[in-house]
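Asker: The chain contents come next:
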Amino acid sequence: MTAPEPAPGSDPIELEIPARAEFVALARLVVSSLASARREIADDRIDDLKLAVSEACTNAIEAHGAGEVDERVLLRWWEGDDRLRVSVEDQGSGFDPQRLRDHPPVTDPERLNFERGLGIPLEVDFTPSQRGTRVSLVMYCGPAEPDLEP
Amino acid sequence: MDLSLDVTERNGYTVLAVHGEVDVYTAPRLRERLVELVSQGKHQIVVDLEGVDFLDSTGLGVLVGGLKRLRSHDDLTLVCTQQRILKVFEITGLTKVFAIHDSVEAATAG
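Protein chains in written order, with the working numbering: chain A, 674 to 823; chain B, 8 to 117.
Here chain B stands alone, though its shape is the one from the complex:
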């Protein structure tokens, strides 16, 4: 399955909507897009994972890398309600590292 990445602006946030499977083959494209957004000065990034069918540790690594690239006063938050994806964050303890919202509206409300 292919990966699609769509960027929209909302309330001063940059929303990156991810659709498809994030694994060792597709994760480099997600990484490139995040790096591109950060280098364009987009420092309030919301990654919307609601359209993601599968995500493994390679995808987690890209999101951790994205968080690392942003400066301390900037932010990368996630939108995810799917249990199959949330479980991967839970078993790795990354729910303590990422703010995970129920909707894009909630993630961009601040």
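Looking at chain A on its own, in the form it has when it is part of the complex:
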């Protein structure tokens, strides 16, 4: 596993939210608004990005468990020439991706016993960090809107 590589020439935009469920909607709103304001991206890809960020934030918040109300989840956003990168970093105790259980096939009645981890496929990196676990998502897309460059 490698550390997430920031897009060259850009400083990240950061959003830090309390590790609580009610803030996941805010994270989705900020990330999707940034994407649609700064890039020409089709609506269905914005939906994909919202879904990926929501899943990553949900996992990050659940990594903290109940009662850790002072802990935070850090989102970072980088822009490169042809890509956007979003990382979601928690302060939880971490996990081993190799030890995740495989679920039964979707048509197997046993599958109904799995209400979490329903297999939404994401292209991500999991990286243990000083804080906890960092999940990095990359979306390849067209160039930034020229008028909106910082």
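To be clear, the hints were calculated from the coordinates, so they are not data collected in a lab.
For clarity, every value in this text was computed on a predicted model and none was experimentally measured.
Wrong hints could be hidden among the right ones.
Examples of chain B residues lying across from chain A (beta carbon under 8 angstroms, computed) [what the hints assert, rightly or not]:
{"hint": "1", "residue": "Glu28"}
{"hint": "2", "residue": "Asp30"}
{"hint": "3", "residue": "Val31"}
{"hint": "4", "residue": "Tyr32"}
{"hint": "5", "residue": "Phe61"}
{"hint": "6", "residue": "Asp63"}
{"hint": "7", "residue": "Ser64"}
{"hint": "8", "residue": "Thr65"}
{"hint": "9", "residue": "Arg91"}
{"hint": "10", "residue": "Val95"}
Don't be surprised by glycine CBs; every beta carbon is placed ideally from N, CA and C.
Let chain A serve as the given structure and place chain B on it in line with the hints.
Answerer: Showing chain B alone in chain A's frame:
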């Protein structure tokens, strides 16, 4: 965004219309409402997702849980025509598990 849940009866079916975003924050309310309907003896449940703006795996998990709670001769079906929501069912393979109708009329016709 808030979640609203409205229950109506139609042709012997119980229709639960969901509006808003279903995620880790709002999904517990959807779960509670489904459990309540099942415990009231409502065993032909149609969940209308046409008013849903966003749904992630937490929401899928609640619907899978609802299906599991109903006995084998009962049913939980869905109404959904929005591509952004249908896509979440498609990529997880859950279109093979749920009957998904185009309208409440079609879902309650049987």
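Asker: Minimum Cβ distance from Val95(B) to chain A below 8 angstroms?
Answerer: holds (7 angstroms)
Asker: Holds or violated: is the Cβ of Tyr32(B) closer than 8 angstroms to a Cβ in chain A?
Answerer: With a closest approach of 4 angstroms, the Tyr32(B) hint holds.
Asker: Taking the least C-beta to C-beta distance, is Val31(B) closer than 8 angstroms to chain A?
Answerer: holds (4 angstroms)
Asker: With 8 angstroms as the cut and Cβ atoms as the points, is Arg91(B) at the interface with chain A?
Answerer: holds (5 angstroms)
Asker: Taking the least C-beta to C-beta distance, is Glu28(B) closer than 8 angstroms to chain A?
Answerer: This interface hint holds because 6 angstroms falls under the 8 angstroms limit.
Asker: Report holds or violated for the interface hint on Asp30(B), using the least CB-CB distance to chain A and a cut-off of 8 angstroms.
Answerer: This hint holds: Asp30(B) lies near chain A, its Cβ roughly 5 angstroms from the closest one there, short of 8 angstroms.
Asker: Closer than 8 angstroms between Cβ atoms is the bar; does Thr65(B) clear it against chain A? Give me holds or violated.
Answerer: At 6 angstroms from the nearest chain A Cβ, Thr65(B) passes the 8 angstroms test, so the hint holds.
Asker: Going by Cβ atoms only, is Ser64(B) closer than 8 angstroms to chain A?
Answerer: Given a least distance of 5 angstroms, the restraint on Ser64(B) holds.
Asker: Closer than 8 angstroms between Cβ atoms is the bar; does Phe61(B) clear it against chain A? Give me holds or violated.
Answerer: Since the shortest Cβ distance to chain A is 7 angstroms, the answer is holds.
Asker: Given Asp63(B) as an interface hint, is the shortest Cβ-Cβ distance to chain A below 8 angstroms?
Answerer: Holds: closest Cβ of chain A sits about 5 angstroms from Asp63(B), inside 8 angstroms.
When each numbered hint is compared with the structure, no violation occurs for any of them.
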